[in-house]
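There are 2 protein chains.
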Amino acid sequence: MTELKNDRFLRALLRQPVDRTPVWIMRQAGRYLPEYRATREQAGSFMKLCSTPELACEVTLQPLRRFPLDAAILFSDILTIPDAMGLGLGFAEGEGPRFARPVRSAADVEKLAVPDPEDKLRYVMDAVRLIRRELDGQVPLIGFAGSPWTIATYMVEGQGGTSFSIIKKMLFDRPQLLHALLDIVARAVTAYLNAQIAAGAQAVMVFDTWGGVLAPRDYREFSLRYLQTIVSGLTRQAQGRKVPVILFTKGGGQWLEAMAATGCDALGVDWTTDLKDARARVGQRVALQGNLDPCVLYASPERIRAEVETVLESFGAGNGHVFNLGHGIHPDVDPEHVAALVEAVHSASRKYHG
Amino acid sequence: MTELKNDRFLRALLRQPVDRTPVWIMRQAGRYLPEYRATREQAGSFMKLCSTPELACEVTLQPLRRFPLDAAILFSDILTIPDAMGLGLGFAEGEGPRFARPVRSAADVEKLAVPDPEDKLRYVMDAVRLIRRELDGQVPLIGFAGSPWTIATYMVEGQGGTSFSIIKKMLFDRPQLLHALLDIVARAVTAYLNAQIAAGAQAVMVFDTWGGVLAPRDYREFSLRYLQTIVSGLTRQAQGRKVPVILFTKGGGQWLEAMAATGCDALGVDWTTDLKDARARVGQRVALQGNLDPCVLYASPERIRAEVETVLESFGAGNGHVFNLGHGIHPDVDPEHVAALVEAVHSASRKYHG
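Just so you know, the sequences run in chain order S and G.
So the first sequence is numbered by our numbering: it starts at 647 and just counts up by one.
So the second sequence is numbered by our numbering: it starts at 647 and just counts up by one.
Simulated from the structure, these hints should not be mistaken for lab results.
There may be inaccurate statements among the hints.
Within a straight-line C-alpha distance of at most 30 Å, the following computed BS3-like cross-link-like pairs (lysine-lysine) qualify [as the list claims (entries may be wrong)]:
id : chain 1 : residue 1 : chain 2 : residue 2
1  : S       : K815      : S       : K888
2  : G       : K888      : S       : K896
3  : G       : K896      : G       : K922
4  : G       : K694      : S       : K922
5  : G       : K922      : S       : K815
6  : G       : K922      : G       : K997
7  : G       : K922      : G       : K888
8  : S       : K694      : S       : K766
9  : G       : K997      : G       : K651
10 : S       : K997      : G       : K815
11 : G       : K922      : S       : K896
12 : G       : K896      : S       : K815
13 : S       : K757      : S       : K815
14 : G       : K766      : G       : K694
15 : G       : K815      : G       : K757
16 : G       : K888      : G       : K651
17 : G       : K766      : G       : K922
18 : S       : K922      : G       : K766
19 : S       : K888      : S       : K922
20 : S       : K888      : S       : K997
21 : S       : K896      : S       : K815
22 : S       : K815      : G       : K997
23 : S       : K922      : G       : K896
24 : G       : K888      : G       : K766
25 : G       : K888      : G       : K757
26 : S       : K896      : G       : K896
27 : G       : K694      : G       : K896
28 : S       : K651      : S       : K888
29 : S       : K997      : S       : K922
30 : S       : K888      : S       : K766
Interface residues of chain S toward chain G, partial, derived using beta-carbon atoms under 10 Å [as the list claims (entries may be wrong)]:
id : residue
31 : F713
32 : K814
33 : L938
34 : S946
Between beta-carbon pairs, the in silico distance windows are [claimed, not checked]:
id : chain 1 : residue 1 : chain 2 : residue 2 : range
35 : G       : D829      : S       : E948      : 19 to 27 Å
36 : S       : F692      : G       : D765      : 52 to 60 Å
37 : S       : E959      : G       : Q805      : 45 to 53 Å
38 : S       : H999      : G       : E741      : 45 to 53 Å
39 : S       : S811      : G       : D819      : 37 to 45 Å
Keep in mind that this is a model prediction, so the values were computed, not measured.
Using N, Cα and C, we set each Cβ at its ideal position, and we do this for glycine too.
Excised from the complex, chain S in its bound form (with noise of 0.2 Å):
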């Protein structure tokens, strides 16, 4: 493998000095691109772009060729999983993502399976393996995942953008069915995301974006539990180096401390928590990713501008940040507006380092 030319992500993770902050977007790859667009339409579906490797690699360097990131993110869904356990998963047009067989009695868990990443999930391998090589050491390479609830949200559910009635419903009268379910979700996960490792995944991510629709009690049992169980049976060193494992609970906000608990290195904290207090919270536990509103890119260059200043100042002094945006970038944002924000945090964080 080639030496990495820019190595910040990786340092700021393990909160290493840098030179300045570095900077991803959630969502780097996608559909705000024109030329995202274009290979979408190209693939003719979203699952066939996520399952051919020379596709998802495409659409994975898009955005670096148009701005100096700090970091590439596997173009992957979390939701390939569940589809490789058999559930027929589906994109109706417009719709969201929709399975044609969730999972909603012991018969429907006992049913699944672990599936083994290099088989049904080798396109992901496949992709991953590609990415790395088509980087040639610009920047590192995150791999991903959904959290097991998140993904079981789906399983049950069998859409998404619902109100959690049925997974609800099966938390409070069917823990232990449910327990099961999660169980072999975050077995399938911490297999994968090794695989990912093993691939060539430089860092690893776990997207909690259901996580904060939880009491706090039901949050530690259903989600954080299964968190836990992932970051300890990951592979936390390969080539030579520390494999970073960020985990963000979208509205995760008041559980931090019991995140950081997991022994993971980062979290990812959306923009309603200010990070001086995030901080403060977690000390030197771990580095932590954000957190932007999302909308600020609807301003203009110069608003943008002053609020990556805030966001940088809210961390202050220090190593362990990364900056992102506190959720993923939405479809409509105008790339100009994306390329001030990564040349804003490169210029004004020089101040904040060493």
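The hints should help you fit chain G onto chain S, whose structure is shown.
Relative to chain S, chain G alone:
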């Protein structure tokens, strides 16, 4: 006016001793009740239901005939104010509210005036007067309004359920224009709530449904500041009794201290915050209202009782707790489950009081 037969709710809001924890349910007059659906059908439209005092009174009283709730809440909508301001409110079937003339420019804001509550909103005041008469002192009546930030999101976006891209762009690029809008809405809300109090509302609640989509600094500047304006401008005494003020920011669990400092009497708390922690943070300054996950009502009555006990235990012994859900009741909940909840609160809470 008749003597109040059950003042448990008002006493708890003022942190005075009660025999058991009072309970009411956000959106208790609503679609989960077949009798509500029948009256809604009879009315022909949602706004007709809101604007006909006899029908609004009828649906306000419906849940009280079924359940021994400790408070009634005026049946109305947070969008009556912008409707009275002339924005042209419509409800497309299955689509939610939509304004024909959203507020986007300085000229749009300049056209707005504070509506006289006893003129264009007289139907609301008539409903309050009628409900008070019909309640005949059975339980207190809660008046309510949306927060300026929440009302403004609908006025600017023109509809609900959006990414808030238009109002956030205004917030970042034209903050003074947004402040001008929020200022007039805050004055309208204050006048509206004072008129409800004059008409007979015995407590008032401000629903800040969308405050939780703001970064902490933006929350303080664009939502909390106007909640403060309202709290400071409200009539706090009527008919020889204090009129308690409840503030509720959905997703505002991280900002409870700042909300308590407004001088309100109670805070609504959603289910992502533990009441024990909330109580430790706000101390003796305010009462707390909440905070069962609304999805618990999908569970079995046995499990509902257990979860009610958990919430009661989390608040613990002492004064200042009003039981409620952490957000509005879902429309597909079984009314029998609501009966189980109310019964459980009343029976299980005795041990926490004198």
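Taking the hints in turn, this is what the structure says about them:
| no. | hint | in the structure |
| --- | --- | --- |
| 1 | S:K815 to S:K888 | violated (40 Å) |
| 2 | G:K888 to S:K896 | violated (40 Å) |
| 3 | G:K896 to G:K922 | holds (18 Å) |
| 4 | G:K694 to S:K922 | violated (49 Å) |
| 5 | G:K922 to S:K815 | holds (25 Å) |
| 6 | G:K922 to G:K997 | holds (17 Å) |
| 7 | G:K922 to G:K888 | holds (26 Å) |
| 8 | S:K694 to S:K766 | holds (14 Å) |
| 9 | G:K997 to G:K651 | holds (22 Å) |
| 10 | S:K997 to G:K815 | holds (29 Å) |
| 11 | G:K922 to S:K896 | holds (23 Å) |
| 12 | G:K896 to S:K815 | holds (22 Å) |
| 13 | S:K757 to S:K815 | holds (21 Å) |
| 14 | G:K766 to G:K694 | holds (14 Å) |
| 15 | G:K815 to G:K757 | holds (21 Å) |
| 16 | G:K888 to G:K651 | holds (16 Å) |
| 17 | G:K766 to G:K922 | violated (43 Å) |
| 18 | S:K922 to G:K766 | violated (47 Å) |
| 19 | S:K888 to S:K922 | holds (26 Å) |
| 20 | S:K888 to S:K997 | holds (27 Å) |
| 21 | S:K896 to S:K815 | holds (22 Å) |
| 22 | S:K815 to G:K997 | holds (29 Å) |
| 23 | S:K922 to G:K896 | holds (23 Å) |
| 24 | G:K888 to G:K766 | holds (27 Å) |
| 25 | G:K888 to G:K757 | violated (36 Å) |
| 26 | S:K896 to G:K896 | holds (15 Å) |
| 27 | G:K694 to G:K896 | holds (28 Å) |
| 28 | S:K651 to S:K888 | holds (16 Å) |
| 29 | S:K997 to S:K922 | holds (17 Å) |
| 30 | S:K888 to S:K766 | holds (27 Å) |
| 31 | F713 | violated (21 Å) |
| 32 | K814 | holds (4 Å) |
| 33 | L938 | holds (8 Å) |
| 34 | S946 | holds (5 Å) |
| 35 | G:D829 to S:E948: 19 to 27 Å | holds (25 Å) |
| 36 | S:F692 to G:D765: 52 to 60 Å | holds (53 Å) |
| 37 | S:E959 to G:Q805: 45 to 53 Å | violated (35 Å) |
| 38 | S:H999 to G:E741: 45 to 53 Å | holds (50 Å) |
| 39 | S:S811 to G:D819: 37 to 45 Å | holds (39 Å) |
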